[in-house]
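S.K.: These protein sequence lines are chains A and B, in that order.
Using the numbering used here, the first residue of the first sequence is number 1, and each one after it goes up by one.
Using the numbering used here, the first residue of the second sequence is number 1, and each one after it goes up by one.
One or more hints might be untrue.
Identical copies carry no separate label here, and so any pair may be met within one copy or between two of them.
Below, a list of computed lysine-lysine pairs in the DSS-like style, where the Cα atoms sit at most 25 Å apart [what the hints assert, rightly or not]: (1) Lys22 <-> Lys64; (2) Lys170 <-> Lys27; (3) Lys113 <-> Lys128; (4) Lys64 <-> Lys182; (5) Lys103 <-> Lys170; (6) Lys182 <-> Lys103; (7) Lys27 <-> Lys185; (8) Lys223 <-> Lys22; (9) Lys185 <-> Lys102; (10) Lys182 <-> Lys27; (11) Lys223 <-> Lys129; (12) Lys170 <-> Lys182; (13) Lys128 <-> Lys182; (14) Lys185 <-> Lys113; (15) Lys113 <-> Lys182; (16) Lys102 <-> Lys182; (17) Lys185 <-> Lys103.
Derived by calculation from the structure, the hints in this document are not laboratory data.
Number of protein chains: 2
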Amino acid sequence: MANILDVEALLFDVFGTVVNWKSSVIKQLAQSHGIPEDILAATPTDWDAFAVEWRTKYYQQTKKVSESGIGSTNIDVVHRQLLDEMLETPRWQHLSAHWGDKKREEMTRFWHKLDGWEDSSRGLYSMKKDFILGTLSNGSARLLVDLHADLPWDIVFSGDIIGSFKTNPKMYLGAVEKLDLKPHKVAMVAAHRHDLVAAATHGMKTVYVRRPTEDAYLTAEEKAAIKPRADGGEFDLVVNSLTELAQLLESPE
Amino acid sequence: MANILDVEALLFDVFGTVVNWKSSVIKQLAQSHGIPEDILAATPTDWDAFAVEWRTKYYQQTKKVSESGIGSTNIDVVHRQLLDEMLETPRWQHLSAHWGDKKREEMTRFWHKLDGWEDSSRGLYSMKKDFILGTLSNGSARLLVDLHADLPWDIVFSGDIIGSFKTNPKMYLGAVEKLDLKPHKVAMVAAHRHDLVAAATHGMKTVYVRRPTEDAYLTAEEKAAIKPRADGGEFDLVVNSLTELAQLLESPE
């Protein structure tokens, strides 16, 4: 059956696109940080800033590994290393002594328990009838299996399964090859411009999902180009939710 | 929550264990073989024997690749090569001229459309609440995604994803590592003795599923050992269906 993108499979970025990492991690930090109240009162701790810094460092590290091939492709290892590094910096040093190895491991696992955006589960279940649905995430296989959100993947492609991180070409081409499809029969769905730009260089279709927590650092020019190709933009489709994507894919061409 | 096997994840062999390859392939051969009736009348063709021979050759080839590391780990490639070889043999030569490249490709894809045993889907859905469910199959990722049966996998481990075939240790250890579990926290579920014997050598738990089409070539001694360890047998559990397995895993220890 033809669809607006003329694809057979959809591959989804997960952090930020399908699950709301920011609210989930901040909630877990706020609920179970285990830091004595007097320490926090003396040096007020902003869990929002903590989560954003952790996430930003993670993004920088995956970029480095994807470009150099050096470094772990297991997200738990990366998250833990970055957490340890953060706790050595002046801003977060006051927390360091209170978090031993066990607590730091528990915090690293916070990233396994993210909630979906409210449209994600419903959108995926609608699309599952007509498409192969996979992750194409820098998360580890186990992390993607553990997520709190109810996400009916047909297949999980992860950093540790493919052995790299996006935006290394191996990630896109490896997944497309395993699906035994031509790249133009697969769409990359993401809330991040750089991920879709990379997917497009390999001939994949692109769907940009607008998410309030993501792509905060785009230039005005880049932001302006987030429009469907039909309107002079960079991507095949631009949507506000996965339910909107499901509807678009169902409508006759 | 404790369970009778004390595991967190179950990895399933697929061909024969979860899907009924034999009846599915015979049905497809009988329905859409495309051979003129006079040819078949002159040399009566037994589709049952054809399917069994194809399957047996496939088993021998995966064994060779798993031991030598030489040969494709993509099941479509293997099935096609074996089909071409079969059609050169005296027994099936009368069919050869009638099946061109396109038809042979279509027949190779028959293996993507297998039906489940009648208990499979229900059993897996019951177990999904409490366990991580994965395939550990020599099938390709795309084949496992394409199956007709409704199988709610959390994760797909395949020959082409891990880059070998069972019973190469890489298959068992690779999957267990990606699940970030100790081997004894993972059970291999299969209708084939050799698969479970291999899994056990790596410390995995073992569940034997009795299926009428499988393990036809066991010795009387081997057959007799298909009993739970508690009864002096080789395996942790022996069941007749995946619904029975689900029930056993739910019952208090």
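S.K.: For the identical chains here, do Lys22 and Lys64 meet the 25 Å Cα criterion within one copy, between copies, both, or neither?
M.R.: within (22 Å within a copy, 49 Å between copies)
S.K.: With 25 Å as the alpha-carbon cut-off, assign the pair Lys182 and Lys103 to within, between, both or neither.
M.R.: between (45 Å within a copy, 21 Å between copies)
S.K.: What label fits Lys128 with Lys182 when the C-alpha limit is 25 Å: within, between, both, or neither?
M.R.: The answer is within: 20 Å in one copy meets 25 Å, while 33 Å across copies does not.
S.K.: For the identical chains here, do Lys102 and Lys182 meet the 25 Å Cα criterion within one copy, between copies, both, or neither?
M.R.: Between. Shortest inter-copy distance 18 Å satisfies the 25 Å Cα cut-off; intra-copy 45 Å does not.
S.K.: Could you figure out if Lys27 and Lys185 sit no more than 25 Å apart (CA to CA) within one copy, between two copies, both or neither?
M.R.: neither (38 Å within a copy, 30 Å between copies)
S.K.: When no copy is specified for Lys185 and Lys103, does a C-alpha distance of 25 Å or less occur within a copy, between copies, both, or neither?
M.R.: between (44 Å within a copy, 23 Å between copies)
S.K.: Go through the copies and call it for Lys185 and Lys102: within, between, both or neither, with a Cα cutoff of 25 Å.
M.R.: between (45 Å within a copy, 21 Å between copies)
S.K.: Using 25 Å as the alpha carbon limit, work out where Lys113 and Lys182 are close: within a copy, between copies, both or neither.
M.R.: Between copies, since 21 Å is at most 25 Å while 33 Å is not.
S.K.: I want to check one pair: Lys64 and Lys182. Are their C-alpha atoms no more than 25 Å apart within a copy, between two copies, both, or neither?
M.R.: So Lys64 and Lys182 fail the 25 Å test inside a copy (28 Å) and across (30 Å) alike.
S.K.: Evaluate Lys103 and Lys170 at a C-alpha cut-off of 25 Å and name the case that applies: within, between, both or neither.
M.R.: Neither: 34 Å inside a chain and 32 Å across chains, both beyond 25 Å.
S.K.: For the identical chains here, do Lys170 and Lys182 meet the 25 Å Cα criterion within one copy, between copies, both, or neither?
M.R.: Classified as within: same-chain Cα gap 15 Å, cross-chain 29 Å, threshold 25 Å.
S.K.: Between copies, within a copy, both or neither: which fits Lys170 and Lys27 at Cα up to 25 Å?
M.R.: neither (34 Å within a copy, 39 Å between copies)
The structure fails to meet hints 2, 4, 5, 7, 10 and 11 from the earlier list, while all remaining hints are met.
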